[in-house]
Amino acid sequence: MLKFTIGPSCSGQDRINQMKSLSLKICFLLLIPVAAWGRTIVVAPHTAVSSLKQAVGQAKKGDTIIVRQGTYVSVNTIIDKALTVLGQGKPVLDARYQDEVVTITANNVTFDGFVIQNSRTGSMRDFAGIRLSKVQNVTVSNNTLLNNFFGIYLSDCDSIRVLNNHLSGSNNLENSGNGIHLWKCKYVLISGNYVTHHRDGIYFEFAKKSTIRNNLSERNIRYGLHFMFSDDDTYIHNTFRNNGSGVAVMYTRRIKMLGNTFTQNWGGSIYGLLLKEISDAQIEGNQFIRNTTGIYMENTERITVAKNEFKSNGWAIRVLASCYDDHFTDNNFEGNSFDATTNGSLKENYFANNYWDKYEGYDLNKDGIGDVPYRPISLYAQIIEQNPQSVMLMRSFIVNLMDKVERAIPSVTPETVKDDKPMMKPWKR
Amino acid sequence: MKRICILMALTALLSACSRGPEPILYGRDACAHCKMTIMDKRFAAEIVTGKGKVYKFDSAECMADFLKDNAGLASNDKTMFLVSYYDRPGTFENATNSVYLQDAAMHSPMGGNVGVFTSEASARSFGKDTDAKIYNWAELLRSR
Chain A
1 MLKFTIGPSC SGQDRINQMK SLSLKICFLL LIPVAAWGRT IVVAPHTAVS SLKQAVGQAK
61 KGDTIIVRQG TYVSVNTIID KALTVLGQGK PVLDARYQDE VVTITANNVT FDGFVIQNSR
121 TGSMRDFAGI RLSKVQNVTV SNNTLLNNFF GIYLSDCDSI RVLNNHLSGS NNLENSGNGI
181 HLWKCKYVLI SGNYVTHHRD GIYFEFAKKS TIRNNLSERN IRYGLHFMFS DDDTYIHNTF
241 RNNGSGVAVM YTRRIKMLGN TFTQNWGGSI YGLLLKEISD AQIEGNQFIR NTTGIYMENT
301 ERITVAKNEF KSNGWAIRVL ASCYDDHFTD NNFEGNSFDA TTNGSLKENY FANNYWDKYE
361 GYDLNKDGIG DVPYRPISLY AQIIEQNPQS VMLMRSFIVN LMDKVERAIP SVTPETVKDD
421 KPMMKPWKR
Chain B
1 MKRICILMAL TALLSACSRG PEPILYGRDA CAHCKMTIMD KRFAAEIVTG KGKVYKFDSA
61 ECMADFLKDN AGLASNDKTM FLVSYYDRPG TFENATNSVY LQDAAMHSPM GGNVGVFTSE
121 ASARSFGKDT DAKIYNWAEL LRSR
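These protein sequence lines map, in sequence, to chains A and B.
If you number the first sequence the way our numbering does, the last residue is 429 and the count never jumps.
If you number the second sequence the way our numbering does, the last residue is 144 and the count never jumps.
Hints were generated in silico from the structure; no laboratory data involved.
Errors might be hidden in some of the hints.
No more than 30 Å apart at the CA atoms, straight line, and that leaves these computed lysine-lysine pairs for DSSO-like [stated by the list, open to error]:
| id | chain 1 | residue 1 | chain 2 | residue 2 |
| --- | --- | --- | --- | --- |
| 1 | A | Lys311 | B | Lys35 |
| 2 | A | Lys347 | A | Lys307 |
| 3 | A | Lys186 | B | Lys133 |
From just these sequences and the hints, can you work out the full model?
Right under this line is the structure:
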């Protein structure tokens, strides 16, 4: 009897021991990730931890701070440890116009889900909503920035992601900063953001090898996007709408501009895309719709303009005589008042296989390519160049007559500017 | 009635003849050299030629670069050169007797890092770099 009872109970004891050691092992295994995740500190109004500053003070490297819904005063809260800072229910951090709102000075920080508002303004310093200074591998995502002088300000940074933020500036004509501002940065990804009412929506100065993707920049005071001395950047699938001027790319090399939309940039000396002193750029698959000037080019070298659509602009392209070795191919020009103008004799700029709705040639061999060249610069465009007031004669009988005569017997328009292979039908994407 | 007519004629004449600086419309006017829209009141500059033509610039360095390309204007005694002081934004002062500070602390629109001041002392007080340079007008033109 005893033997029978002891036997199974003994083996049961063994099993319990086995299970104990197993659960110990599991616990041990669980402990490792727990240590790596760090602690979680919760910030909420009227509790022991009622400000982000307090939480950062208590936190250690690798911890997570969760900020609950509410409004918090944040006069330049400095995040100087590798932390994950998450806003729950869009908590508001307000600097009350006294200083910056948040400054990140540590690597490997994630800052997500906040409303950042009311930074200080002033001409002596560039106060910002969120400032990143000398850091690497930081993510700033899903924040709403309202009424800040500068929005997100990156200086001396490397490998940063700025994702899905919504920035709205003060719209103060004389005293407003840029939305997303980069100075001396590299490998930055700016994606899915919305910027409005700032000076420049996105501003790059000495920012290299970065990507700007799927952003919407509208109603900014100066430019939707602005490059200065920034090489090897790409911007792709962005929309620049109704800004002071669309996009300015200046003093840079090797910029790729792909699949963007430039629209509704109206006014004197206002352009969809302003290119000045740039080389080796690629402009492909973009849409230029309803701008005073689609592209303005000055001192450019080796630019490829291909497969773009120019629709309903005043001037589709304006290429100054200082540009050379630029190639315009496979573009559609439809409903523009002027297809192209220049201020002198254009040399070494090539046009081929573009569709021009003003082309009146024929295609006898039916290969889809017009049999006589098209000259995109009209006589009247040249006259306006010399005498801007003559724009009042636009669409008059005499102007049409002059243009017809000039097309038949070119004498004033630059001989070299012509498309030898104009397409009979627009190019389709 | 006659008096009003004369007055109107006179004002029309006078306004047509006046040669002087024009206020800059910030956020509207474009720089005559770099084509950028002028935004920053700390750095704007302006040239008024002998004939009264006005060129507006977003920075003193743009004005200096413009004068390099238009040497006739630079040497003409009748040309007026105006600059805004960094610590007094939006003002117009005579450029020829101003002091120019080249320093990384001056984030001027064209990356030339030049700020304009009334005196060397005030310029020095804003300098940050150890290798900051101070120019007078003639030296600034030569440095470009």
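Item checked: Restraint check for Lys186/A with Lys133/B, where alpha carbons must lie at most 30 Å apart -> 28 Å, holds
Check: Is the hinted pair Lys311/A and Lys35/B satisfied, with a Cα-Cα distance of at most 30 Å?
Finding: Holds. Lys311/A to Lys35/B sits at ~24 Å (cutoff 30 Å).
Check: Is Lys347/A close enough to Lys307/A, meaning Cα to Cα at most 30 Å?
Finding: The hint holds at about 22 Å.
Of the numbered hints stated above, none is contradicted by the structure.
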